Amino acid sequence: MSSGIIFDIQRFSLHDGPGIRTTVFFKGCPLRCLWCHNPESISPKIELAFYRHKCIGCNSCVLVCPTGALQNDNLKGKKYDEKFCRFCFKCVDACPARAIVLQGKIYDLEEVLDEVIKDIPFYKQSGGVTLSGGEPTFQFDFCLDLLKSCKENGISTALDTSGFVSWDKLKDLLPFVDIFLYDIKHMNSEEHKKLTGVPNEIILENLYRLDRAEKWIEIRVPIIPGYNDSRENIVAVANFIAKLKSVRRVKLLPYHKLGLSKPWLFNNRRGILELEPPKKEDIEKIKDLMGRYIDREKIY
Amino acid sequence: MAILTYQERIGLLRAKKLEHTREKQEIVGFMDHDDWGLILPPQEEREIVKTISSSGMPITDVLLKSFKFIPNHPSGGFFGPKSCGENFRRLLEVHPVYIDPISSLAGAYMVNFMSYRNPHWNPDFDYSYLHREQKLYQLVTGIGAAQHFCQDMEIGLRLGWKGILDKIRYYRKMNNPESSEFYDGLESVVLGIQDWIYRTANTAKSMAQDEEDPELKKNLLEIAKMNERLVNEPPRTFREACQWILWYLITARMYNGSGSLGRLDVILYPFYKRDRDAGILTDEEAIFHIVCLLLRDTAYIQLGGYDREGRDVTNPLSYLILEAAHRLRIPTNIGVCVGDGLDRGLLYRGVEILLDDKMGIPKFLGADSVVNGFARNGYPLEIARERAYAGCHWYGIPGREYTIMDCVKINFATIFDVALREMMQESGCNPSTEELWNRFTKHLKIAIDTIAKGLDFHLEYMHRVFPELVLDLCSHGPIEKGLDASHGGVEFYNMCVDGAGLATVADSFGAIEERVEKEGRITWQELMYYLDNNWAGPNGERIRLIMRNTPRYGSGSSISDEYAVRISKTFTKMVKEKPTPNGYNMIPGLFSWANTIPMGRNLGATPNGRYAGDPISHGANPDPGFRNDGAATAMAIAIASVQPGYGNTAPMQIELDPLIEDEKEAVENIANLIKVHFDLGGTMVNINIIDKDKILEAHKDPSKYPDLIVRVTGFSAYFSSLSPEFRQLVVDRIISEG
Numbered sequence: 186m187s188s189g190i191i192f193d194i195q196r197f198s199l200h201d202g203p204g205i206r207t208t209v210f211f212k213g214c215p216l217r218c219l220w221c222h223n224p225e226s227i228s229p230k231i232e233l234a235f236y237r238h239k240c241i242g243c244n245s246c247v248l249v250c251p252t253g254a255l256q257n258d259n260l261k262g263k264k265y266d267e268k269f270c271r272f273c274f275k276c277v278d279a280c281p282a283r284a285i286v287l288q289g290k291i292y293d294l295e296e297v298l299d300e301v302i303k304d305i306p307f308y309k310q311s312g313g314v315t316l317s318g319g320e321p322t323f324q325f326d327f328c329l330d331l332l333k334s335c336k337e338n339g340i341s342t343a344l345d346t347s348g349f350v351s352w353d354k355l356k357d358l359l360p361f362v363d364i365f366l367y368d369i370k371h372m373n374s375e376e377h378k379k380l381t382g383v384p385n386e387i388i389l390e391n392l393y394r395l396d397r398a399e400k401w402i403e404i405r406v407p408i409i410p411g412y413n414d415s416r417e418n419i420v421a422v423a424n425f426i427a428k429l430k431s432v433r434r435v436k437l438l439p440y441h442k443l444g445l446s447k448p449w450l451f452n453n454r455r456g457i458l459e460l461e462p463p464k465k466e467d468i469e470k471i472k473d474l475m476g477r478y479i480d481r482e483k484i485y
Numbered sequence: 024m025a026i027l028t029y030q031e032r033i034g035l036l037r038a039k040k041l042e043h044t045r046e047k048q049e050i051v052g053f054m055d056h057d058d059w060g061l062i063l064p065p066q067e068e069r070e071i072v073k074t075i076s077s078s079g080m081p082i083t084d085v086l087l088k089s090f091k092f093i094p095n096h097p098s099g100g101f102f103g104p105k106s107c108g109e110n111f112r113r114l115l116e117v118h119p120v121y122i123d124p125i126s127s128l129a130g131a132y133m134v135n136f137m138s139y140r141n142p143h144w145n146p147d148f149d150y151s152y153l154h155r156e157q158k159l160y161q162l163v164t165g166i167g168a169a170q171h172f173c174q175d176m177e178i179g180l181r182l183g184w185k186g187i188l189d190k191i192r193y194y195r196k197m198n199n200p201e202s203s204e205f206y207d208g209l210e211s212v213v214l215g216i217q218d219w220i221y222r223t224a225n226t227a228k229s230m231a232q233d234e235e236d237p238e239l240k241k242n243l244l245e246i247a248k249m250n251e252r253l254v255n256e257p258p259r260t261f262r263e264a265c266q267w268i269l270w271y272l273i274t275a276r277m278y279n280g281s282g283s284l285g286r287l288d289v290i291l292y293p294f295y296k297r298d299r300d301a302g303i304l305t306d307e308e309a310i311f312h313i314v315c316l317l318l319r320d321t322a323y324i325q326l327g328g329y330d331r332e333g334r335d336v337t338n339p340l341s342y343l344i345l346e347a348a349h350r351l352r353i354p355t356n357i358g359v360c361v362g363d364g365l366d367r368g369l370l371y372r373g374v375e376i377l378l379d380d381k382m383g384i385p386k387f388l389g390a391d392s393v394v395n396g397f398a399r400n401g402y403p404l405e406i407a408r409e410r411a412y413a414g415c416h417w418y419g420i421p422g423r424e425y426t427i428m429d430c431v432k433i434n435f436a437t438i439f440d441v442a443l444r445e446m447m448q449e450s451g452c453n454p455s456t457e458e459l460w461n462r463f464t465k466h467l468k469i470a471i472d473t474i475a476k477g478l479d480f481h482l483e484y485m486h487r488v489f490p491e492l493v494l495d496l497c498s499h500g501p502i503e504k505g506l507d508a509s510h511g512g513v514e515f516y517n518m519c520v521d522g523a524g525l526a527t528v529a530d531s532f533g534a535i536e537e538r539v540e541k542e543g544r545i546t547w548q549e550l551m552y553y554l555d556n557n558w559a560g561p562n563g564e565r566i567r568l569i570m571r572n573t574p575r576y577g578s579g580s581s582i583s584d585e586y587a588v589r590i591s592k593t594f595t596k597m598v599k600e601k602p603t604p605n606g607y608n609m610i611p612g613l614f615s616w617a618n619t620i621p622m623g624r625n626l627g628a629t630p631n632g633r634y635a636g637d638p639i640s641h642g643a644n645p646d647p648g649f650r651n652d653g654a655a656t657a658m659a660i661a662i663a664s665v666q667p668g669y670g671n672t673a674p675m676q677i678e679l680d681p682l683i684e685d686e687k688e689a690v691e692n693i694a695n696l697i698k699v700h701f702d703l704g705g706t707m708v709n710i711n712i713i714d715k716d717k718i719l720e721a722h723k724d725p726s727k728y729p730d731l732i733v734r735v736t737g738f739s740a741y742f743s744s745l746s747p748e749f750r751q752l753v754v755d756r757i758i759s760e761g
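Chains as they are written, first to last, in my numbering: chain A, 186 to 485; chain B, 24 to 761.
Derived from the structure by calculation, the hints contain no laboratory data. This structure is a prediction, so every number in the text was calculated from the model and none was measured. Yeah, the Cβ is synthetic: ideal placement off N, Cα and C, and Gly gets one too. Treat the hints loosely; a few may be bogus.
[What the hints assert, rightly or not] Calculated pairs, DSBU-like style, for lysine-lysine (alpha carbon to alpha carbon, straight line, at most 30 Å): (1) A/Lys309 with B/Lys687; (2) A/Lys442 with B/Lys723; (3) B/Lys541 with A/Lys239.
[Claimed, not checked] Every beta carbon over 12 Å from chain A, so not counted as near; a handful from chain B, in silico: (4) Lys105; (5) Thr260; (6) Tyr342; (7) Lys727.
[Said to hold, decoys possible] Taking CB as the label site, the calculated pair distances span: (8) A/Leu294 with B/Pro747: 47 to 57 Å; (9) A/Glu337 with B/Glu405: 41 to 51 Å; (10) B/Glu405 with A/Leu294: 44 to 54 Å; (11) A/Asp299 with B/Ser455: 22 to 32 Å; (12) A/Glu337 with B/Lys727: 48 to 58 Å; (13) B/Glu67 with A/Pro462: 52 to 62 Å; (14) B/Glu585 with A/Asp326: 32 to 42 Å; (15) B/Glu585 with A/Phe274: 18 to 28 Å; (16) B/Pro747 with A/Pro462: 26 to 36 Å; (17) B/Pro747 with A/Phe274: 36 to 46 Å; (18) B/Arg155 with A/Leu294: 50 to 60 Å.
Can you make the complete structure from the sequences, with help from the hints?
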């Protein structure tokens, strides 16, 4: 049976596609978006994270660590040296307060299915399962198996993807995906690379192909003030979308600081950009601007 | 003054309401209950007293200086129908008149007759033989509980006050002399009400004379004329019907706190239709009259639902009543029926208003589960469908069913505590969860038996202590038979027995099985040590968290989930096993109302990591923080799985983040959540949509948000009126972390 590394399964998820959904968050992502709001999803490995505000200082974790990889630290509460870690995760079991937790867990397909089928009664009205991350296609086999199993169970599926994946792979997923949630982060490839670490050609090419496959597509445009919200880029994005036939809606995702407030990962990874979130009226202006090129009703 | 629009008048009425609320907050202090619509008496009439609230907490209340009751018992109290009726009549006769020239309806109530009652129970009727068990399990017994059933308002609307009086006098002749005191009591109440209405009509007339604004003058003259007529006659128009209902409601509220109203859309529809057809009423006017009604009493109202034959009764007025609550934006208690054969539009409109106003209004009622569940008590579906929503979490067949809903509570957590201590103190007993379960069920059974005996006692004597003299007036049977509703006057007796603290106990069982038995992380003796010491000591917090972080009820597929279902099923089976010794049917439900705080206050620490004295869990709800994602669907499935299933409810109380609104399908998603919960067997849904930062700020300084309204449990209230302890309870539900 296939298995994958999942960092969260969130039920009653309302922001990852239409209806009431369960979102399965895959670990591992080829992109390095500066504003990443799920920094814990970037590494494909299982990692330790520490919620300092939950720690009661009982020291159970340090006492149980066989190698001393975990130590007390006056400043941060705990410090952790990955190179000494045997990944036994005894510290996680020992922590009574759930202050030290795993980011990522190996799930069998069955385990994920057990969780996602719980909300089938709700999906029947509207909704389903969304595979998100990270980048779900980064664990391609597990992604494919999960999508297939969902379809076998009559569950509507959505794939939240950066699109940075080979078309050959994406093509194999097509029969098992009902809805694509697809990001456009910047229309200029060089800028895209600066913002995300990867160019955008393959992403846009894949989107064209998906469009021709007549899939239900929601385009998602993160709005990062000063980075991709120039008039020029917004118009370019809108123009690009205008040429697509299968785009049902366009969702703007205003930058927020959630990535900065996520639990402290021991390797200290977190969102890099610290900006003021865009104002509501600025977002409305962008919607209006895009609305000149595409049906305003589709944009939200 | 220029002619005001209805919306402007509503604005002025709401501002006045806020002023009244601020005044109440200053004089009375915290109000951990329904707002009731009470207005303080004029300053010179106020007598401020310390008394005990219905939830057992010390409160301040205001009495009328000009009224002193006449006792009829050596204890200094007054008991029985004649004395209660006559004292109440005397109170009504001195009760100040209240008329707001902006409102289309007159009247407001200013004092609780209940607060004059001291002692509440007639000591001649002794139930000390039940005290041992009642005390051991800290039962909320229902003995002495008033109201909490639903009148049939159509009786009053058909007869008017004179008609009711004639009916009393007619049956008095038939049933005298044995029921003479009862009829004396009923008659006194009606005469008192008539006097109050008559004085109001006269006051309106004289106010009209002094009023210079022609619009207000006209309104006052209309009020005078309408009320002059309503002293005797039944209402003819929609406005008169609203005014009649208001008199009844505030009288019932003043007498013993009754807030039941039931199917307002059905009750008022004939008046609405007649006036609309005759061209003498617009929808805007209808909305305004309902606003004026909602303003003065926070009565519990059902919208939509089935008629006897199973047809949908939703009508245009159902929407107008929702609209009235939406425009008024004060605490109201309106429930929208949701069911397979019911208008889905009403559910959608209800959800839209819930999202727009963020006041926890309306709530949603699972019509199919409630009807089908009630039928399992042996009633035909036709009768089951008549049951109407009429209180915090409860229903009643209007005018035909006596229940004392919401007044009988068994705290599962106390039963658990007794069982655990008994097991651990018994020498030679080998502790195990199975042994604990056996003892838990043994004590639960004794508790239910004690409740049953207490209910019989109540039904035997309540009518001689404090009879239902107002609700009797609009019930089928009490006047006809000469018997109070609490003593055989009505047709059906379905006594409520609610369980409370389900999650506290399910999680405690789960934590012990997981941590003590399976993992062996702590021993039984250690557990008892930490419970006795309220988790104190160097290791206490660590142990507490080990217990607390066991997968909880609501997380889905956990041991605690299994225990929750097992507890509910066992409780239901025991309640349904047999009627009370005197043969009265009992119906199980799961609801703690605001009792979570007092029920927790006297309880030591529990193995689910709860500190001694902290509130117990709320109704059928999982404990806050039951899952990392707090998923509403997980909660909906869990609560559906523990429904007792006999027509009394186990509501779901849910708090949603306003971010939900950002999605295109926000209304559909919430409607879907509600409908599926009901499809799975759920019975009632209360939803708050509140921003975390806002509630935290309001908790810190309530005066910053004087108009913030929250659904506390079954009732909605101004957040700023709640005590810090109660505000904390609401805050904890919203900001909980898994």
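Here is what the structure says about each hint:
1. For the hint linking A/Lys309 to B/Lys687, the alpha-carbon distance of about 18 Å falls within 30 Å, and the restraint holds.
2. Distance check on the hinted pair: A/Lys442 and B/Lys723 sit about 25 Å apart at the alpha-carbon level, within 30 Å; holds.
3. For the proposed pair B/Lys541 and A/Lys239, the alpha carbon gap of about 25 Å is at most 30 Å, so the pair holds.
4. Every Cβ of chain A is farther than 12 Å from the Cβ of B/Lys105; the closest lies at roughly 56 Å, confirming the non-interface assignment.
5. Against the 12 Å criterion, B/Thr260 stays outside the reach of chain A, whose nearest CB is about 42 Å from its own CB.
6. The Cβ of B/Tyr342 sits about 23 Å from the closest Cβ of chain A, beyond the 12 Å cut-off, so the non-interface label holds.
7. Every C-beta of chain A lies more than 12 Å from that of B/Lys727, the closest at about 22 Å, which supports listing it as non-interface.
8. The hinted range of 47 to 57 Å is satisfied by A/Leu294 and B/Pro747, whose Cβ atoms lie roughly 49 Å apart.
9. A C-beta distance of roughly 44 Å is found between A/Glu337 and B/Glu405, which places it inside the suggested range of 41 to 51 Å.
10. In this structure the hint that B/Glu405 and A/Leu294 lie 44 to 54 Å apart at CB holds, the actual value being about 50 Å.
11. Checked against the given bound of 22 to 32 Å, the beta carbons of A/Asp299 and B/Ser455, roughly 29 Å apart, stay inside it.
12. Checked against the given bound of 48 to 58 Å, the beta carbons of A/Glu337 and B/Lys727, roughly 54 Å apart, stay inside it.
13. The given range of 52 to 62 Å is respected by B/Glu67 and A/Pro462, whose C-beta atoms sit roughly 55 Å from each other.
14. A beta carbon spacing of about 34 Å between B/Glu585 and A/Asp326 agrees with the range 32 to 42 Å that was offered as a hint.
15. The beta-carbon spacing between B/Glu585 and A/Phe274, approximately 27 Å, falls within the hinted interval of 18 to 28 Å.
16. Evaluation of the 26 to 36 Å hint for B/Pro747 and A/Pro462 yields a pass: the beta carbon distance comes to about 33 Å.
17. Between B/Pro747 and A/Phe274 the CB atoms are about 41 Å apart, so this pair conforms to the stated range of 36 to 46 Å.
18. Under the hint 50 to 60 Å, the C-beta atoms of B/Arg155 and A/Leu294, about 57 Å apart, fit the expected range.
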